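Chain by chain, the residues:
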Amino acid sequence: MAFINKRKICKFCENRDLKIDYKDYNSLKKFLNSQGKIIPKRVTGLCTKHQRHLVTAVKRARNIALLPYSYNIEN
Amino acid sequence: MKLYEILFIVHPNYEENRMTKIVNNVKEKITKNGGSIIDVEEMGKKKLAYQINNQRYGSYILVHFELEPQFISEFKKWLKIQSQILANLIVKLDKKDLKEDIKEEKEKTVAPDEIEKEDNKSDDENIEEESTYPNEEV
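As given, the protein sequences belong to chains A and B, one line each in that order.
The first sequence maps to residues 1 to 75 in my numbering.
The second sequence maps to residues 1 to 138 in my numbering.
One or more of the hints may lead you astray.
Using 20 Å as the maximum straight-line C-alpha spacing, the simulated EDC-like pairs for lysine to aspartate or glutamate come out as follows [unchecked claim]: (1) B:K92 <-> A:D21; (2) B:K47 <-> A:D24; (3) A:K19 <-> B:D94; (4) B:K96 <-> A:D17; (5) A:K23 <-> B:E42; (6) B:K96 <-> A:D21; (7) B:K46 <-> A:D21.
Derived by calculation from the structure, the hints in this document are not laboratory data.
No experiment lies behind these values; they were computed from the predicted model shown.
Looking at chain A on its own, in the form it has when it is part of the complex:
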């Protein structure tokens, strides 16, 4: 059986210049699904450390109304 491991290297580990910042909400949107939930790391391919940083950044952005808590409910 041919089993090819296609698991990707973490994007933020690969490129050290990329920073996770809660004020940069447009780039954080890539890691949210259509409901506004955070996509798990098994799908995004991030390492544990950077996924953790990402989660805190998203939660900060939600707190200050840069990102919504959910997209479905009309405000």
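Given chain A's structure and the hints, the job is docking chain B onto it.
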């Protein structure tokens, strides 16, 4: 003295002169307690992701400052009372981070093209990964 960053939203009815007054009030509050202000940046008027106090818009202001940690809780209480400030977020920073931020800003002005390219690449990679994933499991 520790390094902090505050991001706060000013009520949309307060613009230009009236907004600078509010920003000055915040600055005064910091300097009165023996803190110092490093940097003030206006991020402009933006649409809020959800309504706060029945407001859909607000102008974001970012301030970097140094302050003794014991005054932070008092500062937060004062911010809550202000009716012109809709929301605020205080984050503690490492001194290394700030230096890097300033460097980045200079680099951005030099080469904005490179950043765009990186973004495009990452988009493609994400899409590929999602499509290949279910096959692996089978």
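Inset, instruction - Mind checking the alpha carbons of K92 (chain B) and D21 (chain A) for me, to see if they're no more than 20 Å apart? - result: holds, 13 Å
Legend entry - 20 Å Cα cutoff - pair K96 (chain B), D21 (chain A): Distance ~15 Å between K96 (chain B) and D21 (chain A) Cα, so the pair holds.
Inset, instruction - Quickly compare the C-alpha distance for K19 (chain A) and D94 (chain B) to 20 Å and report which way the hint goes. - result: Holds, at roughly 14 Å.
Inset, instruction - Given the hint that K46 (chain B) pairs with D21 (chain A), test it: the Cα-Cα distance must not exceed 20 Å. - result: holds, 18 Å
Legend entry - Restraint status (C-alpha distance of K96 (chain B) to D17 (chain A) at most 20 Å): holds, 14 Å
Legend entry - 20 Å limit on alpha-carbon distance, applied to hinted pair K47 (chain B) and D24 (chain A): Given that 20 Å is the threshold and the Cα spacing comes to 15 Å, the pair holds.
Legend entry - Straight-line alpha-carbon gap K23 (chain A) to E42 (chain B), limit 20 Å: Holds, at about 12 Å.
Violated hints: none; the structure is consistent with every hint.
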